[in-house]
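Student: Please take these sequences and the hints and turn them into a complete structure.
So the protein sequences, as listed, match chains A and B. Just so we're aligned: the first sequence equals residues 1 to 320 in the working numbering. Just so we're aligned: the second sequence equals residues 1001 to 1276 in the working numbering.
Bear in mind the hints are in silico, worked out from the structure with no lab data behind them. There may be inaccurate statements among the hints.
Away from chain B, derived, C-beta distances all over 10 Å, residues of chain A [unchecked claim]:
| hint | residue |
| --- | --- |
| 1 | I37 |
| 2 | S133 |
| 3 | S151 |
In the DSS-like style, the derived pairs of lysine-lysine whose C-alpha atoms are separated by at most 25 Å in a straight line are [said to hold, decoys possible]:
| hint | chain 1 | residue 1 | chain 2 | residue 2 |
| --- | --- | --- | --- | --- |
| 4 | A | K57 | A | K109 |
| 5 | A | K214 | A | K134 |
| 6 | B | K1060 | A | K184 |
| 7 | B | K1231 | A | K184 |
| 8 | A | K134 | A | K109 |
| 9 | B | K1231 | B | K1060 |
Idealized CB from N, CA, C, for every residue including glycine.
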Amino acid sequence: MRDEQRRTRSEAVGDSPRQPRSALGQFAERHGRWLIILPPLVFLLVFFLIPFAFALKISFAEAALSIPPFTDIWHVGADHRVHLSPSLSNYKYLLTDEVYVVSYLYSLKTAFFSTLLCLLIGYPMAYAMARASKATQGILMLIIILPFWTSFLLRVYALEGIIRDNGLLNAVLLWLGVIDHPLKLMRTTAAVYLGIVYSYLPFMVLPLYATLEKLDITLLEAASDLGSRPWRAFVDVTLPLSMPGVIAGSMLVFIPAIGEYVIPALLGGPDNLMIGRVLWDEFFSNHDWPVAAAVSIAFLVVLAGPLALHQYYRVRQLEQ
Amino acid sequence: MEGRSSPLLISVLCLGIAFLYLPMLVLIGYSFNASALASVWGGFSTAWYAELLHNAQILKAAALSLEVATLASTGALALGTLAAIALVRFRRFRGRLLLTGMVNAPLVMPEIITGITQLLLFVSMLQLVGWPNRGMTTIILSHVAFCTAYVTITVQSRLQTADRSLEEAAMDLGASPLQAFVDITLPIIAPALISSWLLSFTLSLDDLVISSFVSGPRSSTLPMVIYSKVKLGVSPDINALASLIICAVGVCVLVAGYLVRRAERERLRDAQLAGR
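Tutor: This is how it looks when you write it as structure tokens:
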């Protein structure tokens, strides 16, 4: 298509045909596309997608005291045939041992409410950003992006400095006389929510800002010219038009938050049993790799819906 | 959608920004606290920074992390740029949907899942083909995988806005496709390349979860060392280290932001001069 265009254009200006190419040039011309497509495709296939196949395979194996610490699900018998011996015991275990189902549900709940909190705080922030002058917008953008680039671990650690029993928050509240005992925030559910909102807020604000900034102000003016109150204009015009940003931001917070490990491990207490933590312990403390593999596969099944939604909006956004 | 905002909106924005920055500023403040007790201000001191220079464990981990981040972000830049070119320039090819999926999924995939599945891959590969041993190699490979996604997204959006006709004009004048790309398009997407390399570098530098899974027994990256110390409570030398890292990242972001902005301005000026 592109070549055709170029050819017709060259003909139109009476250009001479391109000079003959070397053998290497001809090879590159014919297969050039694949020289570009294949390296990233193969790399991501091997190091991102195929690992899931191995996890699936190992989730049907059984734990063993060997290196690696699990059994093979097939072996070649004396009759030179391959014998498959998949075991469903890991999946049965997931369903019978309460801790997995409970922690899945707890993670979903925590991620849902943190996403809602991020949306409630992030939407007005993004809206105010989008209404600022162009020069201010650039500066605000940089201010929001900076924490997004800063280490997650260090930011969670920094938050600990504020909310621990002898931290800044308690010091200020005691000094103001609002409270007379230090608030116990560390190792509570509130700390986990605070941690997730603190860490993921930029992920919500940035996509929201990107959609709101492109919004056509004349539509709002039209709505108010037609007698719409500001609040109604927002609900009827702005909010529906900013839905792609709402969904993109929510998925960027919701999906990673379900699997969050660092925040519940550092800020949460023993009750904040999120699936990421269970998975981590299964792996590093219990050394049960097949169960950990089964937990990941079950996790991926839970995530399939949100992942597909994220993918759909990303692709649609790029096509526009 | 510029316009006036209500005071309420502006105060939410300011409070939100304060919420994002206050903990980091307080941390930097604490790093200059002479007292090892977090609750007591013992006067201004840079002793904890000096102590870092004598901590062999931290220095070794920092060296490993910097090496991993440099190699991983360079690898990701190459692969991610190729993927972005493929997705923007070739509208239809076999595997396009697969590639789109594989560059978007890592952005949201919980790290813990990526970490476990990649470890299972490396262990199985070692059994089947005798490579790779768990250590720096496996950390780099898994970092390249998730950084590639970020590079592709950044470069892809830049490449989409690049004017295709300039390149075609160059080819009409006899340039080969490669030459036209290198001379015309590469300078246009250069800011995106620089900022995505820097982004990959910082992402790799602070990855804890994936590295913990795929690393070997003797290769602890900086975040792994920090995490093992932080789990035991607040420690003053980590305050100093964290402040250094936060400031370094801040400078990187400002430089990247400045470069992108300057390139954008120059491009707009050139476009105006060209009367378009």
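Student: Against this structure, judge whether each hint is valid.
Tutor: Hint check results:
The beta carbon of I37 (chain A) sits about 4 Å from the closest Cβ of chain B, which is not more than 10 Å, so the claim that it is off the interface is violated. A Cβ of chain B approaches the Cβ of S133 (chain A) within 10 Å, the least distance being about 6 Å, so the stated non-interface status is violated. Chain B draws S151 (chain A) into its interface by the beta-carbon criterion, the shortest separation being 4 Å against a cut-off of 10 Å. This hinted pair does not check out: K57 (chain A) and K109 (chain A) have alpha carbons roughly 30 Å apart, beyond 25 Å.
Pair hint K214 (chain A) plus K134 (chain A) holds up; C-alpha atoms about 12 Å apart against a cutoff of 25 Å. Of the supplied pair hints, the one linking K1060 (chain B) and K184 (chain A) is violated, its CA atoms being roughly 37 Å apart against a limit of 25 Å. Restraint check for K1231 (chain B) and K184 (chain A): satisfied, since their Cα atoms lie roughly 18 Å apart, inside the 25 Å limit. Restraint check for K134 (chain A) and K109 (chain A): the C-alpha separation of about 38 Å exceeds 25 Å, so the hint is violated.
Pair hint K1231 (chain B) plus K1060 (chain B) holds up; C-alpha atoms about 20 Å apart against a cutoff of 25 Å.
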